[in-house]
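A.B. asks: Please take these sequences and the hints and turn them into a complete structure.
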Amino acid sequence: MSRKILTILRNLYHIVVKREIIIKPSRGINWRALKEIKHYKDLLFFFIWKEFKVRYKQTLLGVAWAILRPVIQMLIFTLIFHKFAKIPSEGIPYPVYAYCGLLPWQLFSLGLGRASESVVGNASIITKVYFPRIILPLSYTLGGLIDFGLQFFVLIILMLIFGIKIGLSILFIPFFIILALLSSLSVGILFSALNVKFRDIRHLMPFLTQVWFFATPIVYSHEIIPEKFRLIMRINPMTGVVEGFRWSLLNKGSVDFQAILFSVIIVSFLIFAGLLYFSKVEREFADIV
Amino acid sequence: MKTIIVENLSKCYRKGGYNPYQSLRDAFSGILRKRREEGIIWALKDVSFEVEEGEVLGIIGPNGAGKTTLLKILSRITEPTSGRAIVRGRVGSLLEVGVGFHPELTGRENIYLNGAILGMKKSEIDRKFDEIVEFAELSEFIDTPIKYYSSGMRVRLAFSISAYLDTDVVLVDEVLAVGDIAFQQKCGKKLREVSSAGKTIIMVSHNMRVVEALTNKCIYLKDGKIEKEGSPLEVIKHYQKDMMERGLTKDLPVRFQTEISQPSLICEDFKFLNEESVETMSFETNASFTLTFNIVALRDIPNAVICFRIYKEGILVSGNNSEHTIGKLSFRKNEKRRVKIKIKSLSLIPGIYTVLIFVLPSYFASLEDSLSRFYAFNINVYGSKNYGGGYVYLEQSWEII
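Protein sequence lines, in the order shown, are assigned to chains Y and Z.
Position 8 of the first sequence, counting from 1, maps to 8 under this note's numbering, and the rest follow consecutively.
Add 1000 to a position in the second sequence, counting from 1, and you land on the number used in this note's numbering.
Worth flagging that the hints you see were computed from the coordinates, not collected in a lab.
Ideal placement from N, C-alpha and C gives every residue a C-beta, glycine not left out.
You may find that some hints are simply not true.
Unchecked claim - Some but not every residue of chain Z turned toward chain Y, in silico, with C-beta under 7 Å:
#1 I1086
#2 E1104
#3 K1121
C.D. replies: Right, dumping it as structure tokens:
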């Protein structure tokens, strides 16, 4: 009896103190990797920092690009959609309306785009050293928050210019930012793994992103969508995110609870599916990347 | 305490370049499984061994034997197909130096990046930063982007970071084969320090001298299986014998790689001895070199000329034979004699040389008429100082008058 206890204690010692690891073929979601992330916190931050630094190094405008992108987009859309096509914007000044929608969208789409390349682009590292691979899409997605922060600053200025007043709905802002981040993460993780197995994903991405952009009421309001198409729009998880973000910040316009609910459910499902597929392909990353 | 236990580890690859895995499609297509079986390569098959704490294990073998695959599995870079391995302690894998180096970032930034990729915490890097820069001798340039570094500087920086990795287990893959002699010596010294600090090291190398000098246990991996396990010298000899039998001593001209059918003489029990009469395959420049072996005649041989040659990269560096040195030789059937060749001072530049032994029926006989097989061995010649270039070191002194 005591020998059994001693064996158990000795095994526990090896696992906890000596950080014993058993290497063997695995199945299902890689929970071990997720738990290990806390040991690789520093690496996660270094990846985020490196990606940000390298992206803007040696560019003329540097970090200003992060702000210019949505601003220029906003100007173009204001001209075409608002001035020419006279698209309504739920009673909110169009530039603010559009820019406000662009922010969570950028967080999502850029995060998605960068994350899907994260594994393939770092092939040289993952074939030489071990760290939980999930850190790659994670860091590229989280890195988007830096851009988002800068763009948010400009948004505040815009709101001041147009005299938009905030309300209690502002308390929900963190929720929608996190939702946008999670959407980006869920699809990003899925696509980063898909990209390893099917290289045509990178050709699919721009097309997918563009279609998705117009399927979401970012630069137009859902008012122009006929009732029978509204359901499709609601199922689009980004609808809930964008409209929710806009509503919480600008305190005007509608909040479509159904769309938000769809968002949460679909994103949760996508995270699970993404983790499962990522774990599955992760096993062969070093062999096929 | 055993830090590494490997049990029946196996890894297979599909010939088409994809790793077989269970997918819905695979599960349904049992019919196709047979076809798939044929296209499978086992990089590792049922490999089992154990490593004690503080041991330095050397893994040798021909290219494609599975050495790097084994290290990759132990580093968790790739998964085994079956079997398992238990690793106790933090693992640092040095499969390549400078992993993750980004040319746009400075030396300083890359130290942090590479260090983090290797598994160091930021605080750890902060602490060791100055030492790392000093070891690499790069304090002047540490804030320049590394795209402006020479390749030597990059290697020094990369190795320097790896050298300060403080893990319980270190897995090294031929990393010591980089840099100039001075730097290689520095690296060798650091490895010895790490080993005496009680860390467990697994080292893959093609450099027999390094393996002999630094390891206390060796494994010879061939075609994914353990061919021999034991003391470094035993295993190296076995490996060399195998290589010779497979005609894989690549530094010999092709004509020595032909098979001699029905040899009349067999040479066996080769022993290479150094100054202290210790068996070794590594010799120091200008040190004493002795080769002994037995000759067994399978029939009456009226005339035999034993040929002893040293080749480097296919070039004959030195050759001699028994007729020059001891005169005519003959053997009766089943006679067994022991040959001893002693070179007082092996004046060769450090490098890998191939020693070739064979026996001709006469002085002017052609190689096809050789009485014995061609016996080839790779020996390593090393030097404690720089002996210059070429093949031979001529003892010399210089003066400026």
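A.B. asks: Taking the hints in turn, state whether each one holds.
C.D. replies: A quick look at each hint next to the structure:
1. I1086: holds, 5 Å
2. E1104: Holds: closest Cβ of chain Y sits about 5 Å from E1104(Z), inside 7 Å.
3. K1121: Hint on K1121(Z): holds, closest Cβ of chain Y at ~5 Å, below 7 Å.
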